[in-house]
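J.: Letter by letter, the chains look like this.
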Amino acid sequence: MAHRKTNGSKIFMTVLYMVAACRAVAINDLLDRASERSDIMHSLSTTLSHDLDSQFPPIGRVMPRPSMCHTASLQTPIDKYQALQVSESDLLSLARSLLQAWEDPLAVLSTSANTLPHPAQSSISNKIQELQEHSKNLGDGLDILSGKMGPAAQTIASLPYRGGNDIGDDRISKLINFNFLLSCFRRDSHKIDSFLKILRCRAAKMQPEMC
Amino acid sequence: MMKKAVEVILLLLLFFTPHTMGKRYSPPGKPALTRCRSPEKETFTCWWEPGSDGGLPTTHALYYRKESSEKVYECPDYHTAGENSCFFNKNDTSIWINYNITVVATNTLGSAFSDPVDVDVVYIVKPNPPEKQTVTVMEDKGWPFLRVSWEPPQKADTRSGWITLIYELRVKLEEENEWEMHLAGHQKTFNIFSVQSGGKYLVEVRCKPDHGFWSEWSSTSYIKVPDYFHREKSVWILLTIFSAFIFLILTWLLHMNSRSLKNCILPPVPGPKIKGFDKQLLKNGKSDEIFSALMVSNFPPTTSSNYEDFLVEYLEVYVPMEQELMQEESKDLHGGSLKCERSTSDSDSGRGSCDSHTLLMDKCGEAKEEGRHTDRESGRRLTEAQRHQKGWEEDTLTYAHGDMVSPDMSNGRVKTWPSVFSPLPRYSSNPLDEQSSLEMAKQHCLSQPGHSTKEALGPSNWDLCLGNKQPHLLHPQTQVGRQLQAHSEVNISSIGRKQAPAGLQSPALRSTEYVEVQRVNKEDLVLLQPVVNAATTGCGRIEGYPPMPKEKDYSKVKGVDSDNMLLLQREVMEEDWCPGVDQEINGVTGNCYTSSTVSNTHKPTACIHTAIPVQANMALAMNGYVDTATMCTLPTC
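Taken in order, these protein sequences are the chains called A and B.
Counting from 754, one number per residue, gives the positions in the first sequence under our numbering.
Counting from -11, one number per residue, gives the positions in the second sequence under our numbering.
Keep in mind that a hint or two might mislead.
Said to hold, decoys possible - Under the rule of at most 25 Å between Cα atoms (straight-line distance), these lysine to any residue pairs were calculated in the SDA-like manner:
(1) K54(B) x L97(B)
(2) K833(A) x S207(B)
(3) K54(B) x D857(A)
(4) K59(B) x Q835(A)
(5) K114(B) x G917(A)
(6) K143(B) x K59(B)
(7) K196(B) x Q828(A)
As the list claims (entries may be wrong) - On the chain B side, residues computed to face chain A include the following (Cβ under 10 Å):
(8) E30
(9) S40
(10) D41
(11) K250
(12) I253
(13) P256
(14) V257
As the list claims (entries may be wrong) - To be clear about the criterion: a stretch of chain B counts as covered by chain A if any three or more of its residues have a C-beta under 8 Å from a C-beta of chain A, and this derived list gives those stretches:
(15) 13 to 26
(16) 125 to 137
To be clear, the hints were calculated from the coordinates, so they are not data collected in a lab.
Ideal Cβ placement from N, Cα and C applies to all residues, glycine included.
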């Protein structure tokens, strides 16, 4: 009994010490991780788009305009000058809003991918699932980040997806809608990635080699 | 004048018309947008490929439309980027917006529209190559390496994080064909190790944005690594010296142990060890000689079928030098041929004496002992055999004169028939004839000196050594091949154990009886059988084979003491003595010496002068016999 007690107290002391000794992960580290994950996410979406386009009939392709993305209403900088003007909190807010806006559509994409009339359907389906995972992880990370960056970062614009679960009836429309959604996501993931990398560079004053 | 002008014009028209008549004018071909690129995500340029111009001057125009509006704009700058290009400056460039770009070719006959292309600037980023590239040679613990450093392209804004670049460089030697690629990540310096001394290297760097295209390779940097030859060479020199040193040591070791190694690796082939066999015969290659040398005419003995069973190798019998000749052979070779080996010979004229080392002490039947002495005897035996082959006469002469005195006479080896020491009354003379045959025949146990001549002698030589005292003992009959009959009693093995001096009691026998050796069994036991008493003693046996053992001189063995000393007593019997022999015996009394087999010291045995009657302590039965000749002049008597 005495042995156990000493063991228990030892463990407790160790944990306490570790908690006290451990600093919270620095913001720049958090940003670094976040930007890495967003980078992966965007790369994955790019790969997906290429997979889809390879099989897509080039002729007769009627692309819905990207301005019709459900996130188009969100005001984002359109050039470098504007982007560098945005505050960090706003940048983070934008990133989080975009990420949040894609939570539902990704699920729609995932279910649609199961029945997608495409030769690389299984690969696409797997990648969609990965995208979902990355998105969720990034969202959690950004939530933690926002807690450190002030109240303005907490604002998340609501960008509901109104496309419903069905992306089409016939094969062509299914493919077209899937492709369209995916392109919207690709752009938005690029935005997120860019914002986070700008934030990272701003936070890494101590590490100029990063930027 | 007017008319002339019109004519000239018409003529000119006629001239020019054929030139223009061959071409067909057509609307321009369809141009195509080849690529659009943005070096820094702030501006971008599009290039197109014009189609056929249709023979007419064609103009191209680029129109674009942004995705959010329907307004069509024309390319603001056709020249900055070169021909067939359109440059969009910062003001005209928006990101995250699709540009719908179309190129139109126009000539007088028509125009052609290219396929529209949707371009998003963020997806077409291809930066400029890295700049300010430097390569230097640096040293790390004596080993050189290259350090390459560069700067991102000037236009790319990596400071603000607008663009994130990763770098890659490639290196190769000047004479090589393939580049060695290295991914440098975000860093702007890189170290290249494992460079050759004295090599000339080419280094190039390029970069890529995180979601864009690789830039072109930067301009090549040349670098020459200085010679570090001496360092590498010194290592080699040390290695060479060290290995040479080790090699020398190994050679020396091998040389020192060459013999043992030779024996280990290549063990010597055992040669033939047939005693008495002349290897030269083999080398000569004459099979007849070889086989004749191997053959003994009288061997195997035909008189007894048991002779083939003889397995005894050596029965060591000491034969005094002069007594060797006596094997005469008178010995009928009936009986087993006990081959005793004469270990040493003395010069006591064959009569034997107390101090003669011919006194047999050892058990003849122990092959081991024989084996021990074999090597020592082999030489001697060999010589003996050779000599015997020459002829008895010569040999005996030599023998008699001590030629055969063994150098180790003093070693006191006394060999005997074990039976001799037994209390059995029997005695036997064991003349062993030397056989010219190789093996054990060598042993000549001359049982008694003067077999042939001393049949009249009472005490005769006990010891089985051949004692050739006199030349006349050399009988012509003593040829090679005669077998000496060993008349020994019973168990040889049992004999040696008996140490009681009372070994001579065999009360049963009152007169001498003889036994002959039937055979030697496997335990080195000499099996004896009584001989039909043909003892008709007589002096006239000199010339012939003395069949009767009792014509020989025997000395009675009193016993064997604890020191394995043979205690002898002179036989009292005189009735069997031939006078002549007696004299002979007397004659040889001079050369007496004693020896004991066990110890090299002279030990007293029952020593009796030849003329001295039996001593008190020798109140033994007359069955033990000792060579009286050997009993005289015992210093310790």
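J.: Mind listing which of the numbered hints don't hold for this structure, in increasing order?
T.: Going through the list in order, the structure violates hints 1, 2, 3, 5, 6, 7, 9, 10, 11, 12, 13, 14, 15, 16 and respects the others.
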